[in-house]
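Student: Sequence:
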Amino acid sequence: MNFPTFAIVPAGGCGQRAGVDIPKQYCDVLGRPLIVYTLEVFQRLVWVEKIFVAISPDWEAHARELVLSYHLSKVELINGGSSRHHSIQNCVQHLQNHLLKRREGAELGKQNGKVLAEEEPIVIIQDAVRPFADENILRKVTLAAKEHRASGSVLPLVSTILESDSQDVLVQSLVRSKLRESHTPQAFWWSTLREAYQKITDYDLIHGTEVLDLALKYTGCRAKLVEAPDYVWKVTYKKDFLAAETLAKVHNSEVYLLSSDPVTNKVLMTLQSCLVSRNLKVSVVPTLPDSVKSFHTSIFLHLVKPAEEEATTKCEETLNALHLVSRPGHSGLLACMCHLHDGSDRTLGFYRRLARSLDTQGKAKKVQAFLVVYTTPKDEEQQTISKVCEMLAGLILDRNPQMSGQLFVISDQD
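The sequence shown begins at 12 in the numbering used here and counts up by one.
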């Protein structure tokens with residue numbers, strides 16, 4: 012992207028329909044507020060310069076704490092208004108001031124008496140409670156807006172839409188194939204968005220919600236509609252939090268399977284298949300990468316009949332490596348699977364102590380850890396491996412904090 016791009020995130024709503032005690036944008040999903048998922052996407056995009064977030068003044072202190080805790084350096088918090096349009100209008104005004112200051116700075120720093128005209132900025136609008144928009148859809152709507160002055164994410168209708176009269180009597184069934192659900196992200200030329208909010212009536216400011224309609228009504232701009240992935244939906248009701256948690260586990264996670272020889276490793280190949288079938292992003296690598304991009308990273312370590320000292324060293328080194336590559340606000344999981352010589356009480360006692368030790372070390376590093384050990388006769392090895400990998404894949408996907416520090420024992424021996 013070689014043109015200025017900004018984001019506006021209206022986040023001043025109270026979330027009455029969600030039936031929760033606090034505004035839903037501040038509700039936790041897997042230990043982090045919904046709004047943080049939304050803002051971190053823009054924070055990571057190098058082509059988005061600044062994020063203007065409209066918030067309720069009652070929640071300003073909490074919002075500022077989140078900005079600091081999650082290192083959201085691009086975010087500027089703005090007092091929201093009494094409606095969605097009013098909040099966006101406030102952000103538009105702050106963006107205008109920002110652009111004026113930047114232009115004044117360019118005037119002061121001009122060389123040879125010339126100032127190059129800046130390209131038309133693009134402004135993305137994204138709801139705070141749509142946490143799963145990714146760079147792909149953001150890039151699509153931004154480029155579409157660059158060409159058409161405005162663009163918006165849409166999805167085809169699933170249910171038939173009926174029009175009723177004031178007495179709730181059917182008037183007609185609308186043609187579903189001609190209709191689309193409007194979602195965000197949406198994007199606009201800066202001049203188009205500014206003009207729409209300069210001309211908006213008091214009635215539309217209070218009662219309207221659709222920015223694409225404002226652009227059409229007040230500037231004549233017919234937005235380009237971009238079909239979006241189905242995960243751009245808005246968290247609206249209490250039940251949506253369950254779906255959001257499930258999607259967050261898949262959408263914001265990555266799994267690294269550590270192996271120097273994955274081709275001949277039956278365990279890795281089986282586990283990889285189990286994880287992929289659960290739609291998780293999986294990479295087989297000899298060592299951890301220097302940095303990770305996801306909010307949650309799981310590392311799988313497979314040890315074959317290790318000595319106790321080797322098992323301890325390998326697990327602790329991997330746990331520390333996972334901590335070192337993590338970003339602020341990141342969480343991790345170490346899943347270690349050991350093929351044992353025997354399942355004696357003494358051996359299992361050692362691995363129970365190791366699991367508890369890893370959990371203790373991991374707490375300060377925001378890393379969970381658990382161990383799975385198995386013994387099996389040679390002729391039943393693949394059957395046991397399949398059983399272990401199915402269980403492991405479920406534990407990695409679920410990442411229940413109560414499982415950290417636990418030892419799971421699987422044995423087909425009498």
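Rather than coming from a laboratory, the hints here were simulated on the basis of the structure. Take these hints with a grain of salt, some might be off.
Said to hold, decoys possible - Simulated crosslink set (EDC-like; lysine to aspartate or glutamate; CA at most 16 Å straight-line): (1) K61 to E87; (2) K228 to E238; (3) K376 to E328.
Student: So, for every hint listed, does it hold in this structure?
Tutor: Hint check:
no.	hint	verdict
1	K61 to E87	7 Å, holds
2	K228 to E238	22 Å, violated
3	K376 to E328	13 Å, holds
Going through the hint list in order, the structure does not satisfy hint 2, though it satisfies all others.
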